[in-house]
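Student: Please model the complete structure; the sequences and the hints are all you need to start from.
For what it's worth, UniProt numbering labels the leading residue of the sequence shown as 1, then goes sequentially.
Watch out, some of these pointers could steer you wrong.
[Stated by the list, open to error] Derived Cβ-Cβ restraints for the label pairs, each shown as a range: (1) R23 - H111: 22 to 28 Å; (2) D75 - W36: 40 to 46 Å; (3) R83 - W26: 20 to 26 Å.
Worth flagging that the hints you see were computed from the coordinates, not collected in a lab.
From the three backbone atoms N, C-alpha and C, an ideal C-beta is built for every residue, glycine too.
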Amino acid sequence: MAHSTSPQNVMAPGQGYLPQDQRVTWRANSGLSDGWSYNTDLTGGYYDAGDNVKFGFPMAFTTTMLSWSVIEFGDSMPPNELRNSLVAVRWATDYLLKTVSQPDRIFVQAHFN
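Tutor: This is the structure we're talking about:
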């Protein structure tokens, strides 16, 4: 049960251009201009605590824990739940890579003004 709901709970605060097959149907695209003032794309990732802020360290921790659970238990997960978990991990890691895409700059927090 935990593996079937955990990726969905992680994806619920997903931000950016959301995929067409997302399971959290009440969510829509959001925060599409994140990073524009620094000429970088900071869309994607996950909001923290129901606000419009993305904190890098908590997101990295959550992504690490979800990744670790896939490494440890992925072989015993139903294929669709394994896919959902991998999608959730990829969504966060794609964003986290964007936060270090500029030379001499790391973005650790992003929010919608």
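Student: Next step is simple, just say for each hint if it's right about the structure.
Tutor: Going through the hints against the structure:
no. : hint                   : in the structure
1   : R23 - H111: 22 to 28 Å : holds (25 Å)
2   : D75 - W36: 40 to 46 Å  : holds (42 Å)
3   : R83 - W26: 20 to 26 Å  : holds (21 Å)
In summary, the structure agrees with every hint in the numbered list given earlier.
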